[in-house]
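Residue-level listing of the chains:
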Amino acid sequence: MAETATNRVEKTPASAPAASVYAANMETLAPPVELRRAPVIENNRGLGWLTDKLTAFTEGKTPHWWWVLFIPAAFFATVVLPAMLIYQISTGIGVWGNNHPVMWGWDIINFVWWVGVAHAGTLISAMLFLTRQHWRTTIGRMAEAMTVFSVMMAGLYPAIHIGRAWFAWFMFPVPTYEGMWPQFRSPLMWDVFAVNTYLMVSTLFWYMGLIPDIALLRDRSRTRVRKFIYSLLALGWTGSARQWHHFEKAYVVLAGLCTLLVFTVSSIVGLDFATSQLAGWHATIFPLYFVVGAVYCGFGMVLVLLIPLRKLCHLEDIITPRHLDRICKLTLLSSLCIAYIYLMEYYIAWYGGNPYERWVFGHRLLGHTYWYGGWIMLGVNFLTAQLLWFKRIRRNLKVVFVIAVLINIGMWFERFTIIVGSLYQDFLPANWGFYKQTWVDIGTYLGTLGAFFMMYLLFIRFLPMIPVAEVKSVLPQGNPHHPLGGAKGGKS
Amino acid sequence: MSAKPYGLMAEFDTPAAILEAAGKVRDAGYRRWDVFTPFPIHGLDKVMGFKNSLVGWFALAFGGGAFVATMGLIWYCNAFDYPLIVGGKPMFSPPMSFVPSYILMILGGAVGAFVGMVTLNQLPRLHNPLFAKARFALVSRDKFFLVIGANDPKFSGIETRKLLERAGGTHIELVEEED
Numbered sequence: 314m315a316e317t318a319t320n321r322v323e324k325t326p327a328s329a330p331a332a333s334v335y336a337a338n339m340e341t342l343a344p345p346v347e348l349r350r351a352p353v354i355e356n357n358r359g360l361g362w363l364t365d366k367l368t369a370f371t372e373g374k375t376p377h378w379w380w381v382l383f384i385p386a387a388f389f390a391t392v393v394l395p396a397m398l399i400y401q402i403s404t405g406i407g408v409w410g411n412n413h414p415v416m417w418g419w420d421i422i423n424f425v426w427w428v429g430v431a432h433a434g435t436l437i438s439a440m441l442f443l444t445r446q447h448w449r450t451t452i453g454r455m456a457e458a459m460t461v462f463s464v465m466m467a468g469l470y471p472a473i474h475i476g477r478a479w480f481a482w483f484m485f486p487v488p489t490y491e492g493m494w495p496q497f498r499s500p501l502m503w504d505v506f507a508v509n510t511y512l513m514v515s516t517l518f519w520y521m522g523l524i525p526d527i528a529l530l531r532d533r534s535r536t537r538v539r540k541f542i543y544s545l546l547a548l549g550w551t552g553s554a555r556q557w558h559h560f561e562k563a564y565v566v567l568a569g570l571c572t573l574l575v576f577t578v579s580s581i582v583g584l585d586f587a588t589s590q591l592a593g594w595h596a597t598i599f600p601l602y603f604v605v606g607a608v609y610c611g612f613g614m615v616l617v618l619l620i621p622l623r624k625l626c627h628l629e630d631i632i633t634p635r636h637l638d639r640i641c642k643l644t645l646l647s648s649l650c651i652a653y654i655y656l657m658e659y660y661i662a663w664y665g666g667n668p669y670e671r672w673v674f675g676h677r678l679l680g681h682t683y684w685y686g687g688w689i690m691l692g693v694n695f696l697t698a699q700l701l702w703f704k705r706i707r708r709n710l711k712v713v714f715v716i717a718v719l720i721n722i723g724m725w726f727e728r729f730t731i732i733v734g735s736l737y738q739d740f741l742p743a744n745w746g747f748y749k750q751t752w753v754d755i756g757t758y759l760g761t762l763g764a765f766f767m768m769y770l771l772f773i774r775f776l777p778m779i780p781v782a783e784v785k786s787v788l789p790q791g792n793p794h795h796p797l798g799g800a801k802g803g804k805s
Numbered sequence: 015m016s017a018k019p020y021g022l023m024a025e026f027d028t029p030a031a032i033l034e035a036a037g038k039v040r041d042a043g044y045r046r047w048d049v050f051t052p053f054p055i056h057g058l059d060k061v062m063g064f065k066n067s068l069v070g071w072f073a074l075a076f077g078g079g080a081f082v083a084t085m086g087l088i089w090y091c092n093a094f095d096y097p098l099i100v101g102g103k104p105m106f107s108p109p110m111s112f113v114p115s116y117i118l119m120i121l122g123g124a125v126g127a128f129v130g131m132v133t134l135n136q137l138p139r140l141h142n143p144l145f146a147k148a149r150f151a152l153v154s155r156d157k158f159f160l161v162i163g164a165n166d167p168k169f170s171g172i173e174t175r176k177l178l179e180r181a182g183g184t185h186i187e188l189v190e191e192e193d
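Going down the list, the sequences are from chains A and B. The numbering used here puts the first residue of the first sequence at 314, with every later residue one more than the last. The numbering used here puts the first residue of the second sequence at 15, with every later residue one more than the last.
Don't take each hint at face value.
Computed footprint of chain A on chain B, listed as stretches where at least three residues anywhere in the stretch have a Cβ under 8 Å from a Cβ of chain A [to be verified]:
id, segment
1, 92–103
2, 113–121
3, 129–140
4, 153–162
5, 166–178
6, 183–190
Quick partial rundown of chain A residues pointing at chain B, CB under 10 Å, derived from the structure [claimed, not checked]:
id, residue
7, Gly410
8, Pro414
9, Val415
10, Pro488
11, Tyr511
These are calculated hints, taken from the structure and not from any lab test. Beta carbons are placed, not taken as given, at the ideal position from N, Cα and C, and that holds for glycine.
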């Protein structure tokens with residue numbers, strides 16, 4: 314390591330005239346050992362090594378495991394999902410389990426679940442960027458891709474849930490001969506704007522971050538087809554200082570706007586519920602509840618994606634155990650937040666003295682039909698995540714992976730409990746009913762899972778999954794004031 | 015087709031070297047030059063004398079415009095073109111129209127930031143004389159380039175090359191563009 318540093322320093326003549334104050338008289342003093350930050354990338358890799366390493370997966374031969382994962386995912390995405398959609402749209406909503414009194418079923422559960430998955434991606438890529446967390450550079454792109462694809466899946470559900478999908482355009486303010494306009498007071502209407510905005514903004518953020526790295530792939534491409542496609546996508550990026558100057562500003566602005574979306578989109582989804590009069594939904598905590606739940610569920614999904622991909626794509630030096638450790642800590646933090654909200658929910662149901670609300674909350678845990686949903690929700694989302702307090706567990710990636718899968722399941726059951734658990738027994742016992750999903754519900758969900766993983770696999774195969782330029786910029790080799798970046802007179 | 019000079023391109027190995035060279039080129043009084051790097055380099059903005067990027071203003075204009083436009087749209091739809099009483103509430107009120115307007119402000123701001131970035135960078139520009147140079151492909155890898163434009167008033171084939179050599183540049187090449 315020290316050798317590299319001295320070699321680099323010797324390349325530039327030490328007796329250069331001190332015309333510029335920016336580099337010539339620079340002395341870099343390293344902080345004391347105990348205050349030093351752990352490096353973002355392990356083993357002190359250089360810029361060239363990193364470039365080769367991070368583009369290797371998109372340029373190399375397709376590995377076997379990729380096909381093994383891709384073929385089933387593509388089957389569900391391109392056969393099962395369209396079949397379910399065609400059947401449901403041509404026959405009607407009756408093919409689902411939704412019926413009176415449970416008018417919202419798996420469609421809305423899965424919608425909320427997918428929106429939730431998206432949120433951690435934005436939180437990691439945007440909010441941690443604004444707080445200058447260098448460790449987020451390595452995982453930001455993968456998290457952002459997760460956001461883009463899961464918002465796509467989320468957006469599908471409301472569009473088919475309206476029943477007559479060919480009237481979906483009624484939701485947009487389009488001037489028609491009837492002269493009718495959307496009802497802007499409804500949170501369901503706000504949802505249309507929120508989800509579409511979320512999709513567009515996160516796609517823009519993702520694509521803009523990709524431009525310099527697509528330019529890298531363009532510069533490295535060997536075949537004409539690759540060169541042509543990457544050239545088009547890179548928009549002619551050269552990496553000039555002027556371009557970086559505007560790019561960085563735009564990136565900060567986009568990150569700031571994405572951060573607003575973390576709090577807005579799920580709040581609006583929460584308002585869909587909170588503005589109704591139904592016991593179990595009519596609560597002021599709902600917007601916050603949904604934001605925290607979304608972020609928590611999303612961290613689970615990030616871990617589910619990162620832990621295997623890190624191994625399969627040989628990114629151990631790039632996505633270090635330290636990075637995963639931090640995500641685990643954030644997961645733990647959000648599990649504590651959600652536990653607090655669960656507690657408040659039950660407390661208010663008791664303290665509020667509303668008999669209907671007491672009934673609903675009592676039956677979440679002690680009812681005779683859907684009691685298991687409430688226990689899975691509390692058991693997994695609160696208890697299982699507490700294992701992450703222990704460093705030994707956080708460092709054991711297999712256990713973390715299992716916990717992350719459980720979190721996703723637990724959060725799915727949270728939405729099940731909220732939606733079905735509140736709807737099936739409303740104010741009049743004569744109205745009580747049951748809900749059971751049908752095979753179309755299950756098939757549609759599996760189809761969206763397949764579509765998500767198919768798009769994700771295509772993304773890691775054809776686009777750089779690690780933001781190469783961004784990682785380089787936080788390395789000591791990329792820092793002009795660091796000895797490894799060529800600064801003179803530095804002491805490492 | 016005749017070719018005319020576009021600029022002189024020099025290559026550097028480290029971020030510190032390019033930063034120092036940029037300072038020298040600026041001190042020598044050149045105006046039309048640029049630095050090409052694989053990633054943004056801290057301190058280069060200052061050396062090159064960039065002012066605050068206008069991208070933020072693009073975002074503000076687009077975002078603010080979207081906010082006002084959505085407010086106007088909601089007023090037009092629900093209070094002017096087809097007034098409809100919903101829940102006995104006023105035809106138009108700021109609280110109910112705030113949420114969609116706020117959401118579309120975010121969308122507008124994001125589109126503005128992207129449009130601003132692309133416009134100010136004069137992208138897409140798929141053809142660039144620099145792409146003709148084989149070594150320039152390393153710009154996205156681990157090399158740093160400094161190009162002094164031939165349209166700079168101080169540009170001279172010999173003096174500029176000497177300056178770049180003194181600044182520590184290697185592989186100094188004349189880049190040409192076609193008329």
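Outcome of the hint check:
| no. | hint | verdict |
| --- | --- | --- |
| 1 | 92–103 | holds (count 7) |
| 2 | 113–121 | holds (count 7) |
| 3 | 129–140 | holds (count 9) |
| 4 | 153–162 | holds (count 4) |
| 5 | 166–178 | violated (count 0) |
| 6 | 183–190 | violated (count 0) |
| 7 | Gly410 | violated, 31 Å |
| 8 | Pro414 | violated, 23 Å |
| 9 | Val415 | violated, 26 Å |
| 10 | Pro488 | holds, 8 Å |
| 11 | Tyr511 | holds, 9 Å |
The structure is inconsistent with the numbered hints 5, 6, 7, 8, 9, although it conforms to all the rest.
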